[in-house]
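Asker: If you read the protein sequences in the order shown, they are chains A and B.
Residue numbering for the first sequence follows this note's numbering, starting at 6 and increasing by one per position.
Residue numbering for the second sequence follows this note's numbering, starting at 9 and increasing by one per position.
Keep in mind the hints are simulated off the structure, nothing from the lab.
Treat the hints loosely; a few may be bogus.
[Stated by the list, open to error] Pair ranges (Cβ atoms, derived): (1) A:ALA236 to B:GLU399: 29 to 37 Å; (2) B:GLY698 to A:ALA139: 39 to 47 Å; (3) A:ARG92 to B:PRO717: 50 to 58 Å; (4) B:LEU758 to A:SER156: 45 to 53 Å; (5) A:VAL219 to B:GLU772: 27 to 35 Å; (6) A:VAL219 to B:GLY698: 54 to 62 Å; (7) A:SER94 to B:ALA363: 24 to 32 Å; (8) A:SER156 to B:GLY698: 51 to 59 Å; (9) A:SER94 to B:GLY698: 19 to 27 Å.
In this text, a Cβ means the ideal position worked out from N, Cα and C, and glycines have one as well.
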Amino acid sequence: MGNIMDLPAMASKNQTLMRLENVSRNFVMGEVIVEALRDVTLEIKAGEILAILGPSGSGKSTLLNIMGGMDRPSTGRVSYAGEDLTRVSDDLLGRFRRHEVGFVFQFYNLIPDLTAWENVEIAAELVKSPSSVAKVLEEVGLADRAYHFPSQLSGGEQQRVSIARAMVKNPRLLLCDEPTGALDHQTGSMVLSLLANVSRSLGSAVVIVTHNTVIGDMADRVIRMRSGKVAEIITNPDPLPPERISW
Amino acid sequence: MAVALVVMIGVSIYISMNTAYYNLDHSRDVFYRENHFADYYFHVVRAPYQVIKRIEALSGVDMVTGRVQMDVPLMRENADRGTIRLTGYHLPLDKEVNRIQLLSGRMFDKDPSGGRIEVLTDPQFAAANRLNPGDSLVVAAQGREVTLTVTGTAGGPEFIYPMKDAASLMPEPESFGIIMAPLNQVQQVLGYPGQVNQVLITVAPGYDEEKVAEQVEKILEPYGNLASYPRKDQLSHAMLDAELEGLQKSASSLPAVFLVLAAIIQYVMLGRMIKTQRREIGILKALGFDRRRIVMHYAGYSMMITLLGAVLGIIFGIMLSSVFSKAYAIFFNLPQEIGGLNVKAIFYGLIFSLAAGAAAGLGASRGILSLNPAESMRSEPPRVSGRIGLERWTWLWRKLDNYWRMSIRTVWRNGWRSFFTMVGVMFAAGMLIIAFFADDSMDYMLTQHFAFEKSYDYLIRFTEPVKEYEILNISRLEGVVKSEPLLEVPVRVSFGVREEDDLLLGMNPGTTLKTVFNEDGDLLAIPQDGVLMNDMTAKKLGVKVGDKVTIETRMQSGVSQETSLKVLGINHQMIGSGSYVSLKQANQVLRESRIVTAVMLKVDPGKAADIEKELNRMTGVSSIQSRQRELEGFEKQMGYMIYFVVIMVSFAVILGFAIVYNSSVIGFSERQRELALLKMMGFSDREVGGLLLRETLLQSIPGMLLGLPFGRMMSQWWVAAISTEAFTFPVVVYPRTYIVSAIFGVLFVLAAHWFASRGIRHIEPTELLKNND
């Protein structure tokens with residue numbers, strides 16, 4: 006695989022961005038082997054919103070790790086923009102994460118010693134042509150809280166900072182792990198709107214991993230996981246705007 | 009482990025130094041007692057042996073010994089002259105004050121067959137000159153050469169540290185030795201038939217030794233009382249005392265530093281551990297474990313680590329003790345093996361270290377008590393951060409990138425921990441300075457002494473005063489570039505009620521081969537009248553410039569003379585002592601004219617060997633002091649200091665390493681999540697490591713910068729602590745030493761950082777997605 010940074014641009018929607026073929030992932034836990042993923046085949050299309058739903062232990066997180074270049078499959082193949090990610094060096098995987106992927110977590114994971122602005126800025130410095138820090142903070146509605154520290158922000162505000170941090174890199178792939186899991190309904194809904202916005206305005210593929218099934222209603226496609234397997238893949242012809250879904 | 013290491017050092021220093029102190033002190037006391045070490049010394053010109061009967065009769069006098077002791081030149085082929093302190097002993101030895109003990113060979117015979125003179129030497133002199141029983145020595149006495157036959161070596165309580173005089177800095181066993189011989193032989197060789205020139209007494213318990221001494225002085229008055237001094241002024245005793253005092257001070261303060269630092273490290277570390285395990289603690293509490301058991305668990309943990317360190321420290325300390333004891337055996341003449349274990353030191357070392365460990369454990373786990381189970385089971389709230397003082401200087405803050413901002417805020421937020429790390433590094437850097445400074449100070453003293461105070465190549469002393477013109481014999485020798493006379497007069501200086509023994513040195517004003525300075529290093533001119541008083545004497549007498557002092561001469565021959573002299577200046581010498589007057593003034597003090605006792609020579613280096621040979625042939629010459637050999641001797645002695653330096657430097661480096669390592673490990677473990685996040689975002693291991701390095705440097709560099717001057721201050725305290733009236737030295741730290749210390753400092757900081765941050769490679773970004781249930 007060549008230099009990740011030089012991957013071909015793929016603006017048009019519905020082209021395949023990432024492809025997982027027959028991916029399995031086994032963990033050795035003491036004397037038993039846990040099969041976290043079994044023969045998973047799926048693809049992420051450029052610019053789509055993809056919801057991965059499933060109960061605890063269904064393999065969602067393992068799947069997200071493999072998609073984010075933080076873990077490798079035991080068997081099977083992962084490709085990104087046509088390039089094989091399965092057997093590249095750690096260093097190259099690091100560069101893949103740096104330039105291509107944005108992450109949003111359930112517990113925000115902001116750096117407590119940096120202000121909102123600095124948290125976004127430190128991510129912006131990772132890539133060659135980031136968005137403006139001011140602009141993304143504006144977009145998430147935190148322009149006036151830019152100089153606050155994480156401990157001075159509410160949960161929803163922290164999550165918005167973490168979305169801004171992911172957005173500023175202009176990633177083609179935005180991976181979200183239970184992004185609303187720690188938030189109340191109203192704030193959660195606002196966060197989902199932001200994510201939908203990212204998909205629309207930046208053309209990023211947004212993957213939302215959650216056990217909250219209603220979130221599937223706003224996705225272009227929904228993948229249901231059960232016991233490490235893809236149970237079904239549903240294409241949603243008319244995704245609802247995030248404001249209209251509730252739980 | 010870092011803690012155990014620091015405890016180990018503390019305990020091993022404690023044990024080894026205390027053991028060395030105890031052994032040295034103990035064997036000294038035993039040796040003194042067994043050999044009736046004198047309480048008071050009296051030097052007279054010449055007194056009949058019978059006088060001791062009268063002294064013995066005085067109440068308060070326990071034992072008396074009269075003896076003849078005198079320094080005589082040692083004649084050697086193919087080598088320069090040495091000095092022998094020939095000392096006579098009355099046989100049998102049992103009733104002698106300052107009795108000697110045979111160390112090797114056999115005791116001398118009072119009247120051996122064949123008219124030989126049998127002698128014993130001190131062991132250092134024998135070793136340095138490779139003397140074996142049966143070998144002979146030639147000395148000059150009363151203008152003729154006398155052959156002495158060595159039968160073995162012996163030591164005595166006054167020769168534990170056999171130094172020639174207070175002016176020499178260290179023993180010089182090649183050129184100075186103690187020779188012990190039967191009194192009758194010494195009397196005959198030195199021309200003291202039935203006479204003595206020294207009286208030694210021990211004072212009976214319960215008597216005031218000063219009062220007893222006064223009575224003895226009265227009896228000795230008619231025989232030319234030259235000097236009298238108590239045990240504390242006896243040179244060997246004073247040196248040993250100073251050494252013991254220094255040892256005792258270091259033995260108590262140095263280990264304390266290590267144990268306190270170990271306790272602090274542990275406190276910080278346990279505090280961190282308890283924070284991360286608050287859930288487990290909460291569960292235990294919820295299950296009904298009482299608080300005491302939980303506290304005991306953590307305190308026990310810290311005690312275990314301390315115990316490990318202490319045990320290692322005991323093993324290492326015992327090993328080090330034998331090294332110390334061997335080192336002392338080289339310097340001090342003590343007959344008993346200075347060895348053995350000091351169980352008390354081991355016991356206390358263990359107790360102190362465990363107490364420190366327990367205090368740290370209890371202190372750190374105190375917080376558990378206030379936690380309630382429900383609260384402690386909740387995960388830790390997000391860290392509170394905020395702006396710090398530094399950010400007010402916006403011009404500076406704006407220049408910093410986010411990595412620096414993050415590191416600075418982290419260091420700032422950790423307040424106490426950062427402070428302790430800084431203080432720890434400060435101590436470590438300070439110890440490096442202490443390790444090196446003694447070398448610098450000695451070097452400085454020697455440079456000053458040999459470059460400025462004396463520039464002669466040879467100092468020739470005569471067996472008795474000669475007329476000034478007689479030195480022409482010497483100054484006319486081929487190759488002598490310059491010669492300047494010197495008159496040395498032992499005197500007693502009195503001012504008011506106080507009096508002190510001193511040496512008056514008479515030189516012609518304008519003398520260049522020996523120069524005199526004041527404390528600020530300014531050159532003092534030798535005045536025609538009046539005296540440039542030695543600073544030690546001046547201090548003891550409370551004399552200031554402009555005061556008038558009374559000088560009483562104490563020559564080996566002739567009546568003593570009194571003169572009143574005005575103090576025109578105070579002189580300070582790096583090495584040596586003595587008060588300076590003009591040659592004319594010195595003659596006037598003696599009621600003589602144009603006599604000298606020594607001559608200083610500057611010679612053509614190419615002719616030096618011939619000149620020495622020539623001088624060695626002159627019987628009127630008592631000693632030839634060569635600047636070259638003196639310098640070599642000092643340098644050789646300084647070579648021994650390398651052991652001290654190596655030990656101190658390794659301790660300092662281990663201490664610094666342990667502190668920085670510990671702090672980095674805590675910082676690392678505390679922020680694993682943050683580091684994982686950075687890795688997840690695509691930061692490389694190097695970039696993440698750089699962040700931690702910044703934090704380490706932010707704490708270490710100020711510590712180091714403070715540590716260098718702090719080390720100098722500690723050196724000053726240390727010198728002040730070990731300084732005695734007779735012995736002190738300047739604290740000099742060369743710039744080079746600061747640089748070398750800083751380099752060692754950087755090494756331990758980087759090494760510790762590297763070890764602590766090895767784990768970055770193994771941080772899995774996926775950790776972030778776990779434990780979020």
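Asker: Which of the listed hints are not met by the structure?
Answerer: 1, 2, 4, 6, 7 and 8
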